[in-house]
Amino acid sequence: MNTRKLFFILSAVFSCISVLIPFYTVSCDGISNGVEVTGTSFLSLVKTFSGIAILVSAAAIIISVIFIKKKIGYAVTALLNVACSVWGLLFMLNNPVDLNTSVETLRKLDPSFSTMEALVIREVSNGPGTYFVIAAMILVLISMFLLFIYKED
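So the sequence shown is numbered by my numbering: it starts at 11 and just counts up by one.
Rather than coming from a laboratory, the hints here were simulated on the basis of the structure.
The structure displayed is predicted, hence computed values, not measured ones.
Subject to a maximum C-alpha distance of 27 angstroms in a straight line, what follows is the list of computed DSS-like cross-link-like pairs (lysine-lysine): (1) Lys79 to Lys15; (2) Lys81 to Lys15; (3) Lys80 to Lys15.
Go ahead and model the full structure; you've got the sequences and the hints to work with.
Below, the structure is given as structure tokens:
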């Protein structure tokens, strides 16, 4: 396996890792099933449908490099991964979290908030998730471009 293919696989792995990096860290107090709870939640893409789509498309990149070995497969899987990443990024940016965020918004971002009856957000901090997803998209596109323009080995 040449270094361009290895770089393409590593960019897919980085895309998987970027899904795990939190966009927001939320510290809150609330009532869940009649019990008072206090805790911190990390809101990342892996807890949403778009995050799962990014993971599946990254797996498709790895499969296309190892088994399919066709340039069109590289391009399709890379563009699918980038499209899923853009979708996930826009989803997270359209649902910002601050001290006044409703429980419904948090339920969209994290299923663990589905049982919350009341919620008081104590602290919200932004995480590096946005930057990691953007960097993963750029790496996937660059590595796909490098594979696509050179002759097969």
